[in-house]
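Guided by the hints, dock chain Y onto chain F, whose structure is given.
Going line by line, the protein sequences match chains F and Y. 348 is the number of the first residue of the first sequence in this note's numbering; add one for each residue after it. 12 is the number of the first residue of the second sequence in this note's numbering; add one for each residue after it.
It should be emphasised that the hints constitute simulated quantities derived from the structure, not laboratory data. All values derive from a computational prediction rather than experimental measurement. Take the hints with a grain of salt, since some may be wrong.
To be verified - With a straight-line Cα cutoff of 25 Å, these simulated DSS-like cross-link-like pairs (lysine-lysine) come out: (1) 78/Y x 367/F; (2) 78/Y x 67/Y; (3) 109/Y x 388/F; (4) 361/F x 402/F; (5) 388/F x 67/Y; (6) 109/Y x 53/Y.
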Amino acid sequence: GAVVSQHPSRVICKSGTSVKIECRSLDFQATTMFWYRQFPKQSLMLMATSNEGSKATYEQGVEKDKFLINHASLTLSTLTVTSAHPEDSSFYICSARVLAGASYNEQFFGPGTRLTVL
Amino acid sequence: QKEVEQNSGPLSVPEGAIASLNCTYSDRGSQSFFWYRQYSGKSPELIMSIYSNGDKEDGRFTAQLNKASQYVSLLIRDSQPSDSATYLCAVRPYNTDKLIFGTGTRLQVFP
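So here's chain Y without its partners, still in its complex pose:
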């Protein structure tokens, strides 16, 4: 079983729609959760971090965490073609410095 799982996609949404990206993780003791965006040929860019159950909003982005279900998601409102990228979910398990990354979900926003 993979430690962090994401649907590889592609997830295709029209411009202006809400894109919903999902991630599950296996280590129940994990405390820190992150979403990164990676454009083709570039390095990952941190979008959001979340540590507590519930929602965290930052502009058009909302991260949602449910530790009981071991589930974290990212919503992108008013999706733009420039949001087209691979979105990486990362989890830091308890008592380690390392981030465990999912394989990423490719998002395509079409005009």
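Isolated chain F (complex conformation):
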């Protein structure tokens, strides 16, 4: 399968700071990436769809000004949590859909970023 990386894997920050998470497709180009959030013992929640070269599409209830998404290249999408607060503490996971090759149409996840806001 295709490989998606995320950085950092874990971050602890103070309330009010901003945190940037990077998501990279390592062996394929990804015109579309997805950002999810998962609280302990809960389901994956799709936050937004990131489109290369255009604005992200946010799911209902997700604040676009708080969760800034940039997809500037075919292999990189970033999620910035602005003015983070303790309630933003969660497991953030990105994924990317493969549109060519043996894994065509499949969607692979990065390893996730665990954010803790103090």
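Same frame as chain F, but now just chain Y:
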């Protein structure tokens, strides 16, 4: 009505048995179906994709799709304790990039 439904479990099976995981979906126009495995504290890992009615086998895993019944299942043969995880069913509805996930079924394989 939830778009993708799974029994939350836990489903407990003995080592060496067949584990059967089920999923139903509501969008009849869906074309792509996926099973993911998620260990506690980790991100989902793709196990299988299936697009046509019938069975698809990959090692110990068999995915089964019945579009008429809007039903997809995953069989795990010779279950191992290392298979203990949450299994997520995901469906991509027609004309969208998004995957719709079920809430997952927790599988426990005991020695």
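### Query
Taking 25 Å as the top limit, are the C-alpha atoms of residue 361/F and residue 402/F close enough?
Violated, at about 28 Å.
#### Entry: Holds or violated: residue 109/Y to residue 53/Y, with C-alpha atoms at most 25 Å apart
holds, 21 Å
### Message
Need the status of pair residue 78/Y, residue 367/F: alpha-carbon distance at most 25 Å?
### Response
violated, 41 Å
### Query
Holds or violated: residue 109/Y with residue 388/F, Cα cutoff 25 Å?
At roughly 22 Å apart (the allowed maximum being 25 Å), residue 388/F and residue 109/Y satisfy the hint.
### Message
Holds or violated: residue 78/Y and residue 67/Y, Cα atoms, limit 25 Å.
### Response
OK: residue 78/Y and residue 67/Y at ~14 Å, within 25 Å.
### Task
For the pair we were handed, residue 388/F and residue 67/Y, check the Cα-Cα distance against 25 Å.
violated, 30 Å
The structure is inconsistent with the numbered hints 1, 4, 5, although it conforms to all the rest.
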